[in-house]
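Visitor: Now for the letters of each chain:
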Amino acid sequence: MREAVRRVADAMQTADPSVSTLIDLAEQGDEVSAGRLFTLLYAELHRLAKHQLARQGEISISATTLIHETYLDMAAREGQSFPDQGRFMAYAARVMRGLIIDHVRNRLAVKRGGTFELTSLTTDVGEITSDDRELTRMSHALDQLARVDSSLSQIVDLKFFCGFSFGEIANMKGLSERTVQRKWEKARIYLHRSLRADLPL
Amino acid sequence: MSTLTPDQWQEVSPYLDEVLEIVPEQRAAWLLSLNEIDARLASLVRALLDEQQQLEREGFLERSPLSLAGSRLAGQTFGAYTLVSQIGQGGMGSVWLAQRSDGRFERQAAVKFVSLALTGRATEERFKREGSILGRLTHPHIAELLDAGISADGIPYLILEYVDGESIDHYSDRHQLDVEARIRLFLDVLSAVAEAHANLIVHRDIKPSNVLVRNDGQVKLLDFGIAKLLVHEDDASLAPTVLTMEAGGALTPRFAAPEQVAGGIVTTATDVYALGVLLFFLLTGQHPAGENKHSPADLVKAIVEVEAPRAFEIVSGASNSAEKRSTTPEKLRRLLSGDLDTILGKALKKNPQERYASVTAFADDLRRYLKREAISVRPDTFSYRAAKFLRRNRAVVAFTSIALALVIGSLSTGLYVANRQRKIAEQRFAQVRQLANKFVDIDSKIRGLQGSTQVRLQMVSDSLQYLRSLESEGHMDKDLALDIAFAYVKVAHAQGDPTSPNLGQFAEAKQNLAQASKFVDAILADDATNRRALFIATTIAHDRMVLAGDQGDQDEALRDAAATASLIQRFMNTHPTETHDLYSMRYFYSNVAGRYYVARHFDDAIRYCQQGLDVPVPNKQGNGFILTVLAAARWQAGDLDGALKTTAKALELEKAEAAGGHASLRINLANGYDLEGEVLGRADAEPSLGRSQEALSEFQKALDIAEDLAKKDADDYLGRHNVADASLEIGNILRHSNPQDALAVYDHALVRIREAKSSVSTQRDEADLLAASSYAVRWLGRDEEARQRIARASELLNQAGRYPVDKVEPMSATYDAMRASADDYAETGQTDKAIVAYQELLDKLMAWKPDPQNDLRDATCISRTWTALASLLRRSGRTEEAERLEAQRTELWNRWSGKLPNAQFLLRQSLSQIATASAFAQEK
Chain A
167 MREAVRRVAD AMQTADPSVS TLIDLAEQGD EVSAGRLFTL LYAELHRLAK HQLARQGEIS
227 ISATTLIHET YLDMAAREGQ SFPDQGRFMA YAARVMRGLI IDHVRNRLAV KRGGTFELTS
287 LTTDVGEITS DDRELTRMSH ALDQLARVDS SLSQIVDLKF FCGFSFGEIA NMKGLSERTV
347 QRKWEKARIY LHRSLRADLP L
Chain B
25 MSTLTPDQWQ EVSPYLDEVL EIVPEQRAAW LLSLNEIDAR LASLVRALLD EQQQLEREGF
85 LERSPLSLAG SRLAGQTFGA YTLVSQIGQG GMGSVWLAQR SDGRFERQAA VKFVSLALTG
145 RATEERFKRE GSILGRLTHP HIAELLDAGI SADGIPYLIL EYVDGESIDH YSDRHQLDVE
205 ARIRLFLDVL SAVAEAHANL IVHRDIKPSN VLVRNDGQVK LLDFGIAKLL VHEDDASLAP
265 TVLTMEAGGA LTPRFAAPEQ VAGGIVTTAT DVYALGVLLF FLLTGQHPAG ENKHSPADLV
325 KAIVEVEAPR AFEIVSGASN SAEKRSTTPE KLRRLLSGDL DTILGKALKK NPQERYASVT
385 AFADDLRRYL KREAISVRPD TFSYRAAKFL RRNRAVVAFT SIALALVIGS LSTGLYVANR
445 QRKIAEQRFA QVRQLANKFV DIDSKIRGLQ GSTQVRLQMV SDSLQYLRSL ESEGHMDKDL
505 ALDIAFAYVK VAHAQGDPTS PNLGQFAEAK QNLAQASKFV DAILADDATN RRALFIATTI
565 AHDRMVLAGD QGDQDEALRD AAATASLIQR FMNTHPTETH DLYSMRYFYS NVAGRYYVAR
625 HFDDAIRYCQ QGLDVPVPNK QGNGFILTVL AAARWQAGDL DGALKTTAKA LELEKAEAAG
685 GHASLRINLA NGYDLEGEVL GRADAEPSLG RSQEALSEFQ KALDIAEDLA KKDADDYLGR
745 HNVADASLEI GNILRHSNPQ DALAVYDHAL VRIREAKSSV STQRDEADLL AASSYAVRWL
805 GRDEEARQRI ARASELLNQA GRYPVDKVEP MSATYDAMRA SADDYAETGQ TDKAIVAYQE
865 LLDKLMAWKP DPQNDLRDAT CISRTWTALA SLLRRSGRTE EAERLEAQRT ELWNRWSGKL
925 PNAQFLLRQS LSQIATASAF AQEK
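Sequences listed follow chains A and B, in order.
To convert, take the position in the first sequence, counting from 1, and add 166; that gives my numbering.
To convert, take the position in the second sequence, counting from 1, and add 24; that gives my numbering.
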């Protein structure tokens with residue numbers, strides 16, 4: 167016969183997990199932990215960006231620097247159990263995508279005292295990065311791509327949103343640079359299709 | 025042109041891989057050969073390749089890297105000023121040129137933004153208050169502080185008189201000022217500092233970049249006492265007073281006085297030291313601690329331990345320092361020996377008390393030197409290599425803690441104000457804090473690793489030794505005591521926390537918790553609302569409760585639960601706002617409630633669940649567990665409708681939490697369904713709402729989840745246990761209508777449970793299943809097999825130490841097995857044996873001392889047993905005995921219906937009563 171008593175005793179809870187635990191759980195497919203991880207990383211990136219910018223005034227901070235600094239900052243705080251860069255970046259890059267899109271949106275909204283702006287270092291060639299709707303659609307497309315082949319969407323996050331080079335990405339993922347380039351090409355094809363899908367030929 | 029479906033992508037992906045590897049010239053050929061094999065696919069690939077060319081031309085996604093920029097500050101107003109342009113990057117933040125917004129004066133100001141990382145918890149009010157104190161300083165050589173505040177974005181800013189000049193050392197070098205000229209300039213600096221000191225303001229941060237000289241030669245000191253604005257009162261942060269931002273962004277304590285780095289009081293003597301360093305620098309071009317100290321930690325060590333070299337020793341022929349001072353190396357050396365050497369020595373004494381008592385005294389001696397008069401100080405026979413002020417190990421500690429702080433990037437090491445009696449505390453403080461953190465770090469990394477036990481045991485023993493040695497030093501600071509207490513808690517955790525791999529040293533863990541509470545209680549006796557102490561005390565009580573519960577000491581566990589609850593309340597009364605604290609309190613409440621539940625104190629369990637739900641955590645996720653306990657408690661206490669409502673809520677939350685989820689979360693969900701199933705209805709007259717069909721579907725869901733988990737993890741007991749539980753429920757409902765299917769369910773569960781490693785728990789589950797399945801088997805006509813199953817069940821329980829026993833707990837596995845055996849006799853016509861078996865069961869039930877008047881589970885169990893026995897007695901013709909039992913039962917339920925007037929299940933009870941009575945009436 168069932169005993170609810172036993173059940174409750176069995177289920178005595180444990181306290182909140184650390185980042186490395188969250189990553190472990192997320193990698194095992196636990197979406198709740200992945201969600202928590204996302205929130206945590208987002209907060210960290212945001213905070214660090216705010217600090218850097220408050221210090222520097224109007225000077226911009228590159229996404230690459232920001233994500234590096236965040237990694238160092240968090241790793242220093244959490245100590246030896248903190249996961250290595252490769253694993254960290256897989257999640258952080260996705261979060262960075264969210265952060266950037268959010269801030270493009272903020273900038274475009276009529277808002278007092280927005281602390282961020284998104285600028286690109288080279289002159290505008292098209293409208294993509296200035297338009298948050300386009301970026302949002304790209305993000306959706308990337309999420310879809312992630313369901314089919316997650317390594318491709320990760321590479322886009324790492325290269326386009328975080329600014330890592332092919333070489334750096336190759337190191338992080340344990341692939342050859344050539345493979346990374348090829349994946350980048352495939353991803354671009356997929357995204358291009360997705361984004362242009364409802365536009366007339 | 026449309027988006028590729030996942031299937032299309034899967035199909036085309038490997039071909040893309042291949043074709044992208046081929047050089048463009050050869051792709052046409054490749055495509056042709058693909059076309060032979062699969063034309064449709066080939067045309068898709070071709071189309072994609074064409075697109076690729078197009079997107080290359082567009083430069084699709086090439087625009088990278090992206091960056092983020094700060095808000096446009098130009099044109100924004102701060103106080104009465106409007107920002108014009110950025111003029112530089114200070115050590116603390118960016119600096120902007122600003123003009124008065126109303127254009128009233130020509131005056132320009134410099135607006136300094138202070139990096140958020142340095143301000144800790146500066147509040148606007150304090151900022152303004154301190155700012156107004158500093159603003160009162162007026163002196164020709166002090167750059168006035170015009171305003172201070174915090175911007176709308178929360179960034180602190182300072183508005184200062186704008187000084188268009190360069191740092192004193194650059195100015196001096198550029199103009200190649202000789203020693204005398206430099207000293208005269210320096211005297212201006214001294215007069216400014218003297219004025220501030222007369223106003224009881226200490227600069228705290230004198231360094232070349234804060235001493236500017238205008239083109240007209242006018243000296244202006246910046247940032248007077250600003251460091252004080254940035255230091256939180258309770259949290260004497262090192263940052264602005266001691267750490268200078270170097271060009272590369274690294275923070276170093278280049279100009280700090282020894283007492284600053286070692287955590288002493290900052291006084292006017294500290295300024296004297298800094299002035300000494302500045303003078304040394306001006307005269308020799310070098311820092312007294314030397315130039316080749318790279319790491320901040322080394323620098324600290326140098327500042328604290330190493331005597332400064334004599335000024336004249338530094339001057340060498342190689343550098344052009346003499347040139348910058350319009351002289352030759354030999355002359356410079358001569359100038360710097362003698363009285364100047366003595367004066368510098370006096371300013372740079374490690375011991376603040378041995379320095380110039382005031383800046384004025386310092387200035388006087390310099391003036392005497394310039395006039396070639398005798399100075400006040402006699403050279404020390406040991407020069408300024410005097411006995412070290414600081415004991416060696418204090419320096420090492422300071423250095424370690426600074427090094428740690430700098431490396432980690434945390435700017436608050438919380439150093440104490442110096443006090444003769446607290447010397448030891450200061451020393452030890454950093455070590456204790458490191459200890460607690462390091463311990464957790466290393467321990468959490470290695471726990472669970474094979475073979476780590478020895479190491480962990482060693483660490484525990486080392487830590488304990490250390491902690492004990494601290495206590496013997498006596499007279500401890502409050503915070504230090506709390507740190508020690510916390511360290512003990514961590515150690516105890518490693519020794520015996522049942523929710524993670526522990527060392528199994530439960531007695532020791534208990535002891536260490538007791539140690540910890542000694543410290544905490546002492547603090548609380550003195551300061552009953554010390555939040556940190558309350559937090560640690562609550563943690564201790566909670567850990568004790570868990571430990572006791574795990575060890576089986578229920579009474580102790582309950583006492584601890586009560587203690588924990590009252591401490592949580594006290595903690596909450598201090599109005600904590602930190603998210604982490606709130607989560608912890610909720611977590612504690614949930615376990616307290618769970619503990620009361622296990623002890624069957626349902627009202628208390630309910631109450632603590634409510635309180636746990638009331639804790640204002642920002643995210644309601646994670647409430648699933650509390651809601652489950654609440655539902656179960658309500659159910660057991662007889663509030664079935666309430667229980668059902670709560671299970672619905674719990675399920676909702678748990679579904680959200682478990683979607684996709686990790687094993688433990690899905691188990692919670694399975695439990696949730698299970699509970700809902702039980703509340704909705706069981707086959708027998710359990711407290712339930714009689715909704716068997718709904719129940720069946722809930723149990724089925726629970727079973728599906730549990731099955732899933734069991735399949736995934738070969739070693740997992742928990743999943744299999746849940747399969748067993750859910751299967752029992754389903755089987756018990758099904759067997760009345762379809763024994764064949766029920767048997768299949770039971771047998772499948774048996775397969776599963778036997779997959780798990782054998783233990784007391786698996787034996788119990790297996791026994792349960794075997795006993796339950798015996799009914800189905802018998803109803804399919806296989807009597808012999810039924811008996812075998814029951815025998816096997818008893819055997820298993822015997823192995824598990826649960827049979828035979830003197831007392832039987834209601835609804836336990838033993839109860840079920842005994843009942844199955846008794847029912848087996850009853851249903852195979854062996855009425856006498858059945859009666860004996862039921863009598864024995866009843867006796868043993870009663871021996872357990874149930875409380876049927878107040879505990880619904882006990883009531884239902886006993887009622888069922890009476891019912892079964894009564895009907896057997898009737899069959900045997902022992903009517904009087906039967907009637908007595910039935911009367912007892914009726915009375916029991918009458919009392920209960922008084923308590924729970926509309927409970928459905930009670931209705932069912934009375935209906936079944938009526939049914940039994942009428943059945944017998946018919947039989948007769």
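Hints are not guaranteed to be accurate.
Unchecked claim - Dumping the calculated EDC-like pairs for lysine to aspartate or glutamate here, alpha-carbon to alpha-carbon at most 20 Å:
(1) K339(A) <-> D41(B)
(2) K781(B) <-> D732(B)
(3) K395(B) <-> D212(B)
(4) K857(B) <-> E779(B)
(5) K735(B) <-> E193(A)
(6) K873(B) <-> E808(B)
Calculated from the structure, these hints are not laboratory results.
Visitor: The structure should be examined with respect to each hint, and the outcome stated for every one.
Guide: Taking the hints in turn, this is what the structure says about them:
1. Of the pairs offered as hints, the one joining K339(A) and D41(B) holds, with about 18 Å between alpha carbons and a cut-off of 20 Å not exceeded.
2. Of the pairs offered as hints, the one joining K781(B) and D732(B) holds, with about 18 Å between alpha carbons and a cut-off of 20 Å not exceeded.
3. For the hint linking K395(B) to D212(B), the alpha-carbon distance of about 16 Å falls within 20 Å, and the restraint holds.
4. Restraint check for K857(B) and E779(B): not satisfied, since their Cα atoms lie roughly 35 Å apart, outside the 20 Å limit.
5. Distance hint between K735(B) and E193(A) is fulfilled; the C-alpha atoms sit about 19 Å from each other, no more than 20 Å.
6. Restraint check for K873(B) and E808(B): the C-alpha separation of about 35 Å exceeds 20 Å, so the hint is violated.
Consistency note: the structure conflicts with the earlier hints numbered 4, 6.
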